[in-house]
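Visitor: So the sequence lines, in the order shown, correspond to chains W and H.
Mapping of the first sequence onto my numbering: position 21 corresponds to residue 12, and the numbering continues sequentially without gaps.
Mapping of the second sequence onto my numbering: position 127 corresponds to residue 132, and the numbering continues sequentially without gaps.
Worth double-checking, as some hints may not be accurate.
[As the list claims (entries may be wrong)] With a straight-line cut-off of 20 angstroms between C-alpha atoms, the simulated EDC-like cross-links for lysine to aspartate or glutamate are:
1) H/19 <-> H/90
2) H/469 <-> W/47
3) H/313 <-> W/47
4) H/461 <-> H/337
5) W/5 <-> H/368
The set of hints was computed from the structure by calculation and includes no laboratory data.
In this text, all values refer to a predicted model and were calculated from it rather than measured experimentally.
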Amino acid sequence: MKVTVCIGSSCHLKGSRPVVEQLQALVAQNQLSDKVDLGGTFCLGHCQQGVCVTVDGELYSVSPETVTDFFNAHILNKA
Amino acid sequence: MAKFDTKVQLLKYKVLKEVARLAWKDQLLDHVMDIPKTIVPGKTPTMRCCVYKERAILAERVKLAMGGNAEEPHVIQVIDIACDDCPASGYEVTDSCRGCLAHRCEQACRRGAISFDHNHTAHIDKSKCVECGQCAKVCPYSAIANRKRPCQNACKIKAISITEDNAASIDHEKCISCGACVYQCPFGAITDKSYILNVIDFIKRSEGNTKYRTYALVAPSISSQFSEVKLGQVISGLKALGFHTVVEAALGADMVANLECQELAEKGFLTSSCCPAFVRYIKTAFPSLTEHISHNLSPMGALAKYMKEHDPTAKIVFIGPCTAKKMEVQLDTVRPYVNAAMTFEELQALFDSRDIDLASLEEDVLDNASYFGRIFARSGGLSDAVAEGLKEHNLTDFEYTPCVCNGIEECRAALLKLSHNALKANFIEGMACIDGCIGGAGCLTHGEKNKAEVDKYGRQALEKTISDAVSILG
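Bound-form chain W, shown alone (with noise of 0.2 angstroms):
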């Protein structure tokens, strides 16, 4: 599973670094170190959405407090 997070200035603005930190934390946590391929990108073309994360694509719109949610909602279930 590759998750992608725009690490472009927009979205570093929202809290890029904070849901790529959790999100490394969260992945570790829970032992899929090996099923998802955490990967920066400067940005996904859709600022006023940020934070921008892509799952296998699949462009989501993320926030520091709602990372935890995603993670469970998009990435655990499905790695």
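Given chain W, work out where chain H should sit, using these hints.
Guide: Chain H alone, transformed into the frame defined by chain W:
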């Protein structure tokens, strides 16, 4: 109207803009020969003896704006016919000599090179003179002038000589491509090749970033440029030009600082690898010191590498103040990551070639790096960042003694000491340009306030530490 320090820059800009304007429309091949006449219309010369010479020189400028001779990799080039063959005779007594009684000049000259004619006017015997300048210093009438070519004066590493037919000539074995001569030649006879056609081509072929994405990687010194508009408007302008997005090279500086402090603590001594002109200077002038050069890529290279790993088909264009970056991107270690390098001067020409009015654009955002990554743009910033890195990695036992070299002459002095084991420092921050990157030859303007602008921009960064800035990269 665009703001430049000199009319030479303005002329260069006009050529670049015209070349770009035709290239966007795919009309360059058909109309390239018309450019000189577009820039110099009519019959009245404004720069040289006649419009025909002006146009002949412009034709040479057009060639270099189009990348010049592809077989010849060197970026800094002399336009022979533009060289005004400035006097280069060294110290000479001028008409201002009043034939005084004191003869301080004679007393000051340790070589006995000064004699006097029947009018008591001084003369310098060139076979004895060693160009020390003592006579000029002591003359109460300032009657002794140093006739030195501005290009040779600018080139502190002495890579410029004069050919038999009196034009300037660059020794490309020595040249570090810093561009000091480009900025200083009053006739614009030395210039840096431009690769804007490649940049335009990348943007066009991306078909609106659908075939692949084009990224503008901008140097933090941009904070001291385009001062009549907001930085956010420049970012909007870059996107209007056709870049997918804009990324701060300063994030690469954070990456470098994060690694450099660890490498330094491990090895005990390092010279910085951020400034490509400084790195090349060590390799050419002090090859025995090459082992001390930090193994990090430059900030540009480090970040572009990360970006290419995550987006392999990306086209990455570095935009900065630096002519030496155009050489750096040709290195085997950097070429896979950065597709082209251009200057702020060239960026202004690209904006205007598409009639992009920055002042009318909304402000976009640019925020990827920390304060410490951003201050790499000015002398001393890199050393401060390494100090911060040591602190953040709890390497405070390491006694850090940086030597900040502001400009290539200070670099030379430090490297000379190092080669004689007489340098009392364990880290050399080498920046070839005075003041660091904000003094680069590819800047639109150079001003007193530039350093303050960089520091202010640094303080505006969301991330306050290097660790936080690089943490986002995973």
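Visitor: Hint by hint, work out which the structure violates, then give me just those numbers in ascending order.
Guide: 1, 2 and 4
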